[in-house]
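> Protein sequence lines correspond, in order, to chains A and B. Residue 72 in this note's numbering sits at position 72 of the first sequence, with consecutive numbering throughout. Residue 160 in this note's numbering sits at position 160 of the second sequence, with consecutive numbering throughout.
Think of the hints as simulated: they come from the structure by calculation, not from any bench. Glycine is no exception: its CB is placed at the ideal position from the N, C-alpha and C atoms. Do not take every clue at face value.
[Stated by the list, open to error] Covered stretches of chain B, going by a simulated chain A footprint (3 or more residues, C-beta under 8 Å): (1) 59-72; (2) 80-92.
[Said to hold, decoys possible] Just the calculated beta-carbon pair ranges, DEER-fashion: (3) 216/B / 443/A: 36 to 42 Å; (4) 206/A / 54/B: 50 to 56 Å; (5) 206/A / 188/B: 51 to 57 Å; (6) 130/B / 21/A: 40 to 46 Å; (7) 203/A / 216/B: 39 to 45 Å; (8) 179/A / 231/B: 56 to 62 Å.
[To be verified] Beyond 12 Å from chain B on every Cβ pair, some chain A residues (computed): (9) 23; (10) 31; (11) 51; (12) 138; (13) 164; (14) 176; (15) 251; (16) 255; (17) 268; (18) 311; (19) 365; (20) 380; (21) 384.
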Amino acid sequence: MSARIEAFGSLLRLAAAGSRSDRVRVGLVALGAAVGTVFSLAAFVVLTIQGHDERYTNNLLQEPGLRPGVAFGCWLLLIPVLVFIGMCTRVCAERRERRYATFRLAGATPSQVRLIAAAETGLATLLGAVVGLGGFLAVRAVLAARVGDEDRLTLPVGEPFPWGPALFFCLLMPVVAGVAGALALRGVVVGPLGVARRHRRPRPASWPALLLLGGPIAVVIGDRLADGAIGGSGRVLLVLGVAATCVGLLLASAWLAAVGGRLVARVTGRPALLIAARRLEADPGGQSWAISSVVVCAFFASATAVFKADTLATQPDDQFYARSFELVNLGILVAVIVAAAGLLVGIAESILERRRSLAALVATGTPIGTLRRAVLLQGLLPLVPAMLLATALGAGCVFALLGSTGDDGMTRTPLPLADLTLVVAVGIAASLAATALSLPFLHRGVRPSELRFE
Amino acid sequence: MIAPAMSQARFADPVGGLLEGRDLVQAFGATHALRGVSLAVAPGEVVAITGPSGSGKSTLLHCLCGILTPDGGEVSYAGERIDARSDAHRSILRRTAFGILFQFGQLVPELTAVENVALPLLLGGRRRGAALAAAGDALDRLGVGELAPKRPGEMSGGQGQRVALARALVTSPRVLFADEPTGALDSLAGEQVLAGLVRLSRDEGTAVLMVTHDAAVAAYADREVVMRDGELVETGGPNGLVPVGAALTGARA
Numbered sequence: 001m002s003a004r005i006e007a008f009g010s011l012l013r014l015a016a017a018g019s020r021s022d023r024v025r026v027g028l029v030a031l032g033a034a035v036g037t038v039f040s041l042a043a044f045v046v047l048t049i050q051g052h053d054e055r056y057t058n059n060l061l062q063e064p065g066l067r068p069g070v071a072f073g074c075w076l077l078l079i080p081v082l083v084f085i086g087m088c089t090r091v092c093a094e095r096r097e098r099r100y101a102t103f104r105l106a107g108a109t110p111s112q113v114r115l116i117a118a119a120e121t122g123l124a125t126l127l128g129a130v131v132g133l134g135g136f137l138a139v140r141a142v143l144a145a146r147v148g149d150e151d152r153l154t155l156p157v158g159e160p161f162p163w164g165p166a167l168f169f170c171l172l173m174p175v176v177a178g179v180a181g182a183l184a185l186r187g188v189v190v191g192p193l194g195v196a197r198r199h200r201r202p203r204p205a206s207w208p209a210l211l212l213l214g215g216p217i218a219v220v221i222g223d224r225l226a227d228g229a230i231g232g233s234g235r236v237l238l239v240l241g242v243a244a245t246c247v248g249l250l251l252a253s254a255w256l257a258a259v260g261g262r263l264v265a266r267v268t269g270r271p272a273l274l275i276a277a278r279r280l281e282a283d284p285g286g287q288s289w290a291i292s293s294v295v296v297c298a299f300f301a302s303a304t305a306v307f308k309a310d311t312l313a314t315q316p317d318d319q320f321y322a323r324s325f326e327l328v329n330l331g332i333l334v335a336v337i338v339a340a341a342g343l344l345v346g347i348a349e350s351i352l353e354r355r356r357s358l359a360a361l362v363a364t365g366t367p368i369g370t371l372r373r374a375v376l377l378q379g380l381l382p383l384v385p386a387m388l389l390a391t392a393l394g395a396g397c398v399f400a401l402l403g404s405t406g407d408d409g410m411t412r413t414p415l416p417l418a419d420l421t422l423v424v425a426v427g428i429a430a431s432l433a434a435t436a437l438s439l440p441f442l443h444r445g446v447r448p449s450e451l452r453f454e
Numbered sequence: 001m002i003a004p005a006m007s008q009a010r011f012a013d014p015v016g017g018l019l020e021g022r023d024l025v026q027a028f029g030a031t032h033a034l035r036g037v038s039l040a041v042a043p044g045e046v047v048a049i050t051g052p053s054g055s056g057k058s059t060l061l062h063c064l065c066g067i068l069t070p071d072g073g074e075v076s077y078a079g080e081r082i083d084a085r086s087d088a089h090r091s092i093l094r095r096t097a098f099g100i101l102f103q104f105g106q107l108v109p110e111l112t113a114v115e116n117v118a119l120p121l122l123l124g125g126r127r128r129g130a131a132l133a134a135a136g137d138a139l140d141r142l143g144v145g146e147l148a149p150k151r152p153g154e155m156s157g158g159q160g161q162r163v164a165l166a167r168a169l170v171t172s173p174r175v176l177f178a179d180e181p182t183g184a185l186d187s188l189a190g191e192q193v194l195a196g197l198v199r200l201s202r203d204e205g206t207a208v209l210m211v212t213h214d215a216a217v218a219a220y221a222d223r224e225v226v227m228r229d230g231e232l233v234e235t236g237g238p239n240g241l242v243p244v245g246a247a248l249t250g251a252r253a
């Protein structure tokens, strides 16, 4: 028994010890976990408020009927956070797998290697959860100290802290992340002399694209049925249609990127476009999750823009609605920033993974400007059409929903063209900023030192 | 089959070579990779740079082909000094007048073989159809035409290296630089690549400058120069090596 404990201790030490790239990965995963913990704790705290509470300045916190929506919004922010963590676990994955191979060479069994992988991700997530919890409590204490007994509250700092759900979440997250880390090694055989993949990278599935077709159709049919005798079924179909469209946007981007890349690569004679298109075709899943989360944000932002246009058209002076839409937009902006951070990590990792062939390209005379453009196009090619599609679908779904309420909203709601343009512009600008921030990795990656083989 | 040990070997440094490095100095922090190295290469000459690991072989190659700007000394190509020119100018030179071959990892993994070979032509402004046709011809000349639609991950090391050689040659370079060109290959694949290099030199008059630590590879060269601790210490041909100073004395005599 003691030998097993000793062995487990050694595995934990091996998981904690790593190179600089391993520490960077652990740090990024921990950062993502900390941010996710803060969002989740905020949701728990909002749910601790009891009944109608006049102390709060914000109606979203005052009204018991609205607070579950606020908490749900906070949990929705976990989607881009999880995508960010997923992108971070890929950082220097090749080097990590080589490290695992050296463990095998030293005598570790395959299950011990999987345990090390699980422990590494789990420990990083636990670290992030603890930092997130500590930070949340510290900020909450500082804010609470500034509030007097008679003061009105902007944030829920006076409620008792929900220790039970908070600790449960902080412990659950590392377990889930650890299992995900171990599962990520499913298709990989870590042998003593290196790492081999059991199968080639699978082609992205095409069925999510059907959801992009079927989802809006379901919304339109649901809209028609909602006005009739089976209005309940129509409304269910409407909600299912919106959900299917969201899932389609999230999952179909890899397939769209692969198909688009293949088509562009067949016709283009421009080197930057050719490299970008072939890269998208070869590894469409690389950045597609990060791009998907930006795109889903655009879907919600455009839907919010149409709701806002409809509401303010009927109640232009209602401060409650105006303030609520501001808060929703703020939440979406936070989600976009997290999604763009995930995109940055994905692009940087994609550059570092290919640094030797990129350095060889520069050495053989390819201008670095061509490679910069290739990196830029690799992000923009799948993003721009997906953003336009998501914005159109988000706005279209809400127009259909407003039509189904029977208050002839279809005819009254103005098209918020400026807001929708802003949604597309902000999404593309955030992605461009992420790409621009990743370019220093390109400049570092193509240094002549990458060409040394000795 | 082209065999090593050329009968028409040149033993002395050619005067007024096609490519010339003079008193090259390069340091990386406290490490002096080159300490005043001079080397000239004539058209059609095959030169091997040999020496132990860390002796400065690859650094010398990188300085001569313009990847690195030396801290001191001069590099000239066809009588024109290139080390003082802009990075963009040197990039164009590497893409048009020079061909470069590395040990491995030089092909863009996502591009097909024919697209990899066509890349320098596309960068030079050639139309897609013409560039792909020329790339296909280059692959055929090296006997790997059937690899055109394959990606680097679907090729063996030797096949990948011949595709890389086709890319280096597709612009008809006047100087070919090869850094451990057979280091990752088995002996048969290595021989095929070396035979291709030597045939190129004989048929096209292309100068070949290759870095190797393998005496069997160096035997394919007309001339071998040996580096140690950032200096050229010996030079010679198939009949043997002599210290650099002695070779220069012999050449002058």
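> Give a verdict on every hint.
Comparing the hints with the structure gives:
1. Against chain A, the segment 59-72 of chain B contributes 4 residues with a C-beta closer than 8 Å to a partner C-beta. That satisfies the three-residue criterion, and the hint holds.
2. Check on the segment 80-92 of chain B: 3 of its residues sit with their Cβ under 8 Å from a Cβ of chain A, so the three-residue criterion for coverage holds.
3. Taking the beta carbon of each, residue 216/B and residue 443/A are about 38 Å apart, inside 36 to 42 Å as hinted.
4. For residue 206/A and residue 54/B, the hinted distance range of 50 to 56 Å is satisfied, since their beta carbons lie about 52 Å from each other.
5. Evaluation of the 51 to 57 Å hint for residue 206/A and residue 188/B yields a failure: the beta carbon distance comes to about 43 Å.
6. A hinted range of 40 to 46 Å holds for the C-beta pair residue 130/B and residue 21/A, which are about 43 Å apart.
7. A C-beta distance of roughly 44 Å is found between residue 203/A and residue 216/B, which places it inside the suggested range of 39 to 45 Å.
8. A beta carbon spacing of about 58 Å between residue 179/A and residue 231/B agrees with the range 56 to 62 Å that was offered as a hint.
9. Remark: the non-interface label on residue 23/A is consistent with the geometry, its nearest Cβ contact in chain B lying 24 Å away (cut-off 12 Å).
10. Distance check for residue 31/A against chain B: the nearest CB is about 30 Å away, which clears 12 Å, and the non-interface claim stands.
11. Every CB of chain B is more than 12 Å from the CB of residue 51/A (nearest about 59 Å), matching its label as outside the interface.
12. With a closest Cβ-Cβ approach of about 43 Å to chain B, residue 138/A is found to remain outside the 12 Å limit, as its non-interface label requires.
13. Every CB of chain B lies more than 12 Å from the CB of residue 164/A, the least distance being 50 Å, so the non-interface label holds.
14. Remark: the non-interface label on residue 176/A is consistent with the geometry, its nearest Cβ contact in chain B lying 33 Å away (cut-off 12 Å).
15. Residue-level check passed: residue 251/A sits 23 Å from the nearest beta carbon of chain B, beyond 12 Å.
16. Every beta carbon of chain B lies more than 12 Å from that of residue 255/A, the smallest distance being close to 17 Å; the non-interface claim holds.
17. Separation of residue 268/A from chain B is inadequate, the least Cβ-Cβ distance of about 7 Å not exceeding the 12 Å criterion.
18. Here residue 311/A stays apart from chain B, with its beta-carbon at least about 48 Å from theirs, past the 12 Å limit.
19. A cut-off of 12 Å between C-beta atoms contradicts the statement that residue 365/A is not in contact with chain B; the least separation is 3 Å.
20. Under the 12 Å C-beta cut-off, the non-interface status given to residue 380/A relative to chain B holds; the minimum distance is some 17 Å.
21. Interface exclusion of residue 384/A from chain B stands, the closest Cβ pair being 21 Å apart, more than 12 Å.
In this structure, the hints that do not hold are numbers 5, 17, 19, in rising order.
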